[in-house]
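S.K.: These are the residues of each chain, in order.
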Amino acid sequence: MQFNTLFKKEMLENWRNKKWIWVPLVIIILSIMDPITSYYLPQIMESVGGMPEGTTFELPEFLPAEVVTMTLGQLSSLGVLIIVLMSMGTIAGERKSGVSELVLVKPVSYKNYILAKWSSLLVLVWFSLALGILVSWYYINLLFGELSIVALLQIIFFYGLWMTLVVSLTIFYNTVFRSSGLVAFLTILTIMTMSILTQIFGTYLAWSPNNLSSYIFEAVLTESIPSELIGTSIVTIILSVGLLIGSFYIFRTKELAN
Amino acid sequence: MEEINWALIAPLLVIQAILMIVALVDLVKARDTNGPKWLWLIIILFVTTIGPIIYFIFGRRNR
Numbered sequence: 001m002q003f004n005t006l007f008k009k010e011m012l013e014n015w016r017n018k019k020w021i022w023v024p025l026v027i028i029i030l031s032i033m034d035p036i037t038s039y040y041l042p043q044i045m046e047s048v049g050g051m052p053e054g055t056t057f058e059l060p061e062f063l064p065a066e067v068v069t070m071t072l073g074q075l076s077s078l079g080v081l082i083i084v085l086m087s088m089g090t091i092a093g094e095r096k097s098g099v100s101e102l103v104l105v106k107p108v109s110y111k112n113y114i115l116a117k118w119s120s121l122l123v124l125v126w127f128s129l130a131l132g133i134l135v136s137w138y139y140i141n142l143l144f145g146e147l148s149i150v151a152l153l154q155i156i157f158f159y160g161l162w163m164t165l166v167v168s169l170t171i172f173y174n175t176v177f178r179s180s181g182l183v184a185f186l187t188i189l190t191i192m193t194m195s196i197l198t199q200i201f202g203t204y205l206a207w208s209p210n211n212l213s214s215y216i217f218e219a220v221l222t223e224s225i226p227s228e229l230i231g232t233s234i235v236t237i238i239l240s241v242g243l244l245i246g247s248f249y250i251f252r253t254k255e256l257a258n
Numbered sequence: 001m002e003e004i005n006w007a008l009i010a011p012l013l014v015i016q017a018i019l020m021i022v023a024l025v026d027l028v029k030a031r032d033t034n035g036p037k038w039l040w041l042i043i044i045l046f047v048t049t050i051g052p053i054i055y056f057i058f059g060r061r062n063r
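Quick note, the sequences are listed as chains A and B, same order. The opening residue of the first sequence carries number 1 in UniProt numbering; numbering runs sequentially from there. The opening residue of the second sequence carries number 1 in UniProt numbering; numbering runs sequentially from there.
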């Protein structure tokens, strides 16, 4: 009941500050940039010039699955950056400006407050992601070859888990620090550290969430779900829920200390 | 460049235009921004795609 009210407030707020317009649009741009540029690569090379007279540029043939990986790569770098920057102040900013105190002075539970923030962000991120990948899928079908609807749904679902982890991480740091810049910095740093660790200890960390994209590539290519993808998804979900529960406790102790 | 099929690129241009228009409307309506308004106007108008995005992230001030 209380959660519903808070959730509606968050959704309204994200609508008022235009996040519901610009985040989906930016994610769509990021998702279709690579399919379009790799399709027009020969023309782009030609118009940029610098090639000796008579050079013929061999067009690299991309498989649909490879273009999917390119799109996910773009979303994993710039997309993650946009999502982190978009959510860096969601709690930290409110605590700094004192808005959270106004909310929490009423009998609102800390848990519901954070849960409403988290879920409203997730709805926005999943919506944007689904839309972006849908448009990218359409372009890939048009330009590179067939990709089934099942593949589309798989990409959205499994990649959405990765973005869920990113959002959970941002929410977690939001409860720890009051500076939104620090929240963004530490979230990005954590993701980068995770990616480096995954690369170094690849054999031990086969289920690291950073591997989601490569398992999705495998799934699309072989048209089956590799068991690693299931394992990685479970790890990702557990980590996200763990971070969320951690946020409840940290936020409670921080607020009670004030 | 005649080989380029504009129907493929048109959606990209439309999205960029919507992004710019939404940012402009928001800027005009905003009572206050982080930093001078005229600077944001220039950034939104002349830095394609990235301009509106950084306005939404850094320029907007709530309430």
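No lab work stands behind these hints, which were simulated from the structure alone. Glycine residues also receive a C-beta, built at the ideal position from the N, C-alpha and C atoms. Check the hints yourself; a few may be wrong.
Claimed, not checked - Derived coverage of chain B by chain A (criterion: at least 3 residues anywhere in the stretch with Cβ under 8 angstroms from a Cβ of chain A; other residues may be distant):
| hint | stretch |
| --- | --- |
| 1 | 9-16 |
| 2 | 30-40 |
| 3 | 43-53 |
Unchecked claim - Straight-line alpha carbon distances no greater than 25 angstroms define the calculated BS3-like cross-link-like pairs of lysine-lysine that follow:
| hint | chain 1 | residue 1 | chain 2 | residue 2 |
| --- | --- | --- | --- | --- |
| 4 | A | K106 | A | K96 |
| 5 | A | K106 | B | K29 |
| 6 | A | K8 | A | K106 |
| 7 | A | K19 | A | K8 |
| 8 | B | K37 | A | K9 |
| 9 | A | K9 | A | K111 |
| 10 | A | K96 | A | K9 |
| 11 | A | K254 | A | K18 |
| 12 | A | K8 | B | K29 |
| 13 | A | K96 | A | K18 |
| 14 | A | K96 | A | K19 |
| 15 | A | K111 | A | K8 |
| 16 | A | K96 | A | K111 |
| 17 | A | K96 | B | K37 |
| 18 | B | K29 | A | K18 |
| 19 | A | K106 | A | K254 |
| 20 | A | K8 | A | K96 |
| 21 | B | K37 | A | K19 |
| 22 | A | K19 | A | K254 |
| 23 | A | K254 | A | K9 |
| 24 | A | K18 | B | K37 |
Unchecked claim - Okay, the calculated beta carbon distance ranges per label pair:
| hint | chain 1 | residue 1 | chain 2 | residue 2 | range |
| --- | --- | --- | --- | --- | --- |
| 25 | B | I42 | A | T37 | 26 to 34 angstroms |
| 26 | B | V47 | A | K9 | 27 to 35 angstroms |
| 27 | B | I42 | A | E255 | 35 to 43 angstroms |
S.K.: Are the hints correct? Go through all of them and say.
M.R.: For each hint, the structure was consulted:
no., hint, result
1, 9-16, "holds (count 5)"
2, 30-40, "violated (count 0)"
3, 43-53, "holds (count 3)"
4, K106/A <-> K96/A, "holds, 18 angstroms"
5, K106/A <-> K29/B, "violated, 31 angstroms"
6, K8/A <-> K106/A, "holds, 17 angstroms"
7, K19/A <-> K8/A, "holds, 15 angstroms"
8, K37/B <-> K9/A, "violated, 28 angstroms"
9, K9/A <-> K111/A, "holds, 15 angstroms"
10, K96/A <-> K9/A, "holds, 19 angstroms"
11, K254/A <-> K18/A, "violated, 30 angstroms"
12, K8/A <-> K29/B, "holds, 24 angstroms"
13, K96/A <-> K18/A, "holds, 22 angstroms"
14, K96/A <-> K19/A, "holds, 21 angstroms"
15, K111/A <-> K8/A, "holds, 16 angstroms"
16, K96/A <-> K111/A, "holds, 19 angstroms"
17, K96/A <-> K37/B, "holds, 24 angstroms"
18, K29/B <-> K18/A, "holds, 13 angstroms"
19, K106/A <-> K254/A, "holds, 17 angstroms"
20, K8/A <-> K96/A, "holds, 22 angstroms"
21, K37/B <-> K19/A, "holds, 20 angstroms"
22, K19/A <-> K254/A, "violated, 28 angstroms"
23, K254/A <-> K9/A, "holds, 23 angstroms"
24, K18/A <-> K37/B, "holds, 18 angstroms"
25, I42/B <-> T37/A: 26 to 34 angstroms, "holds, 27 angstroms"
26, V47/B <-> K9/A: 27 to 35 angstroms, "holds, 33 angstroms"
27, I42/B <-> E255/A: 35 to 43 angstroms, "holds, 41 angstroms"
Figure legend: structure checked against the earlier numbered hints; hints not met, in rising order: 2, 5, 8, 11, 22.
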